[in-house]
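Participant: Could you slot chain E onto chain U? The hints should help.
Top to bottom, those sequences are chains U and E. Going by the numbering used here, the first residue of the first sequence is number 1, and it counts up by one from there. Going by the numbering used here, the first residue of the second sequence is number 1, and it counts up by one from there.
These are calculated hints, taken from the structure and not from any lab test. Everything numeric in this text was worked out from a predicted model, so none of it was measured. One thing to keep in mind: the hints can contain errors.
Unchecked claim - Lysine-lysine pairs mimicking BS3-like chemistry, simulated, CA-CA at most 30 Å apart:
no.	chain 1	residue 1	chain 2	residue 2
1	E	K108	U	K295
2	U	K318	E	K196
3	E	K108	U	K187
4	U	K295	E	K242
There are 2 protein chains.
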Amino acid sequence: MSIRIGIIGYGNLGRGVECALKQNPDMELVAVFTRRNPTDVSILTQEAAVRNVSEVEEWKDKIDVMILCGGSATDLPKQTPEYVKYFNVVDSFDTHARIPEHFADVDKAAKESGKIGIISVGWDPGMFSLNRMYANAILPEGKDYTFWGKGVSQGHSDAIRRIEGVKNGKQYTIPVEAALEAVRAGKNPELSTREKHTRECFVVLEEGADAAKVEEEIKTMPNYFADYDTTVHFISEEELLKNHSGIPHGGFVIRTGKTGWNKENSHVIEYSLKLDSNPEFTSCVIAAYARAAYKLSREGQTGCKTVFDIAPAYLSAKSGEELRASLL
Amino acid sequence: MSIRIGIIGYGNLGRGVECALKQNPDMELVAVFTRRNPTDVSILTQEAAVRNVSEVEEWKDKIDVMILCGGSATDLPKQTPEYVKYFNVVDSFDTHARIPEHFADVDKAAKESGKIGIISVGWDPGMFSLNRMYANAILPEGKDYTFWGKGVSQGHSDAIRRIEGVKNGKQYTIPVEAALEAVRAGKNPELSTREKHTRECFVVLEEGADAAKVEEEIKTMPNYFADYDTTVHFISEEELLKNHSGIPHGGFVIRTGKTGWNKENSHVIEYSLKLDSNPEFTSCVIAAYARAAYKLSREGQTGCKTVFDIAPAYLSAKSGEELRASLL
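Looking at chain U on its own, in the form it has when it is part of the complex (with noise of 0.2 Å):
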């Protein structure tokens, strides 16, 4: 019997949760539940139901993990906490600085409902985080470095399209190499915001749109870009879409430390990944942790996880005597 998965949400996460789901044969999408009307959704597994998330409590004997697809910003904070009064739920909450506040929200509500919510899955929070644990935990006496992309930055290419008189637009964010190799060759820099990271923009103009003027606004914006080199390209609305129209992303997590009764020996432990499609990849690591959900329900624990707390074994499909014999 395959376990039974439910989607809330059906954006570009939602929909790469679809597509993972395909390549598990252990698990099984049974409906995805939309804030719109649900005639209005068309899904691609087509065994699957599709249902106004009004009716999410009715499904509550019949979904073994609900994956919740919402945004970090306004929607998880109330979903997962409700939500996980009914199912086991994973989220992908990624707003660093707030985990420890829903960890505790998620937490109250799981241990009163005996479920089990797992947050923050995904590559950053996610399999970066568990790098950074993994190499801290090995190697105490060192320093983290974590670089991002080349990738699309979703809230960097927002801030574009809201300048007034752009169009259309994309920003990749880019690891200076210089730095990578500072860091891979053990010479432990200190590096300021502009040394780790580059900004290159691809904007379409307003038709009488000034370029001088959005150029200076992208390059002096606060936050997002004026502590940056930031690079703009214009472009027309056409070439953005034939070159532009993906969502690759990925980074490195590198630990360089010390050993040796006197740190004499250096080492240096990388983690990268290199991904055409950010929500597909996430996506990918939400449904192994589904899986996991499920295991640690029917073991009848309960409460809020995190990849921290979480034996690898659990991600998996095979049995503990398979993953010895195959991948030890």
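Facilitator: Below, chain E alone, put in the same frame as chain U:
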């Protein structure tokens, strides 16, 4: 109160563990056990005792976790099931093919004694295994690649030294850059043994030995060298000691895979290590898992575990709150 650690076996690995413990203030080296005469063994930690291994049972209430630093060929298959009768233990058993059997032996003994035995801890098996497992769970449709090096292979160095006419020798395993690049580019190459790694040997001859004959014997040695492109350099003993006395190692674990409804997107997950000292890094991983063994035992868990079975947070001296706030 700190976690009381013992070490059995004081070679490169035992010394590495001793150094690692110095960097982990929540752990304390209590005693080193040796097969030699204890008065002949001088250790670095002034506060720790040195005892003959025959006395080890007397320490069963004074040590929380015993770290077994013997070899995988003959020591650990006997030692781990034996010492887990008295102690929580961690070993670095690295004969991949015999792990299932070793697991069964240790699990049986550990369940009988009510102790924890963590086996096959290090980087391969160990961190590389973990990364293979996580990447497989995330990208079910993909392909795994493990490359080793550049680093010293003890087994191959020993094989060289057994050849008649060889006074001393060191062998480096080197990943083939073109193969690495093809894998990273998502080309899913099928790689033969020869295409993945080359072998480079530095050899000191006995006086009067026949260099051509030694070189031929190395290059045609079955299992060790015959399937590889091997380079042999003859050097003086001084040069060997000066330039080749380190034990660096490392390598790459890469998984590439496809996602999307029609597998239209590609992803690359890469984990790599660059280590000045193979035994010291292995020791650091072992130290972190010794902490996990202690915590698991305090929770009342028993039996044999591998890196797959242990939630990452157990490795850290930090609390769950601290980890979520600082590393997630």
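Participant: Give a verdict on every hint.
Facilitator: Hint by hint, here is what the structure shows:
1. Annotation: proposed proximity of E/K108 to U/K295 holds, straight-line Cα distance about 24 Å (limit 30 Å).
2. Straight-line distance between C-alpha atoms of U/K318 and E/K196 comes to about 28 Å, which keeps the hinted pair within the 30 Å bound.
3. About 47 Å separates the Cα atoms of E/K108 and U/K187, which puts this hinted pair outside 30 Å; it is violated.
4. Distance check on the hinted pair: U/K295 and E/K242 sit about 54 Å apart at the alpha-carbon level, beyond 30 Å; violated.
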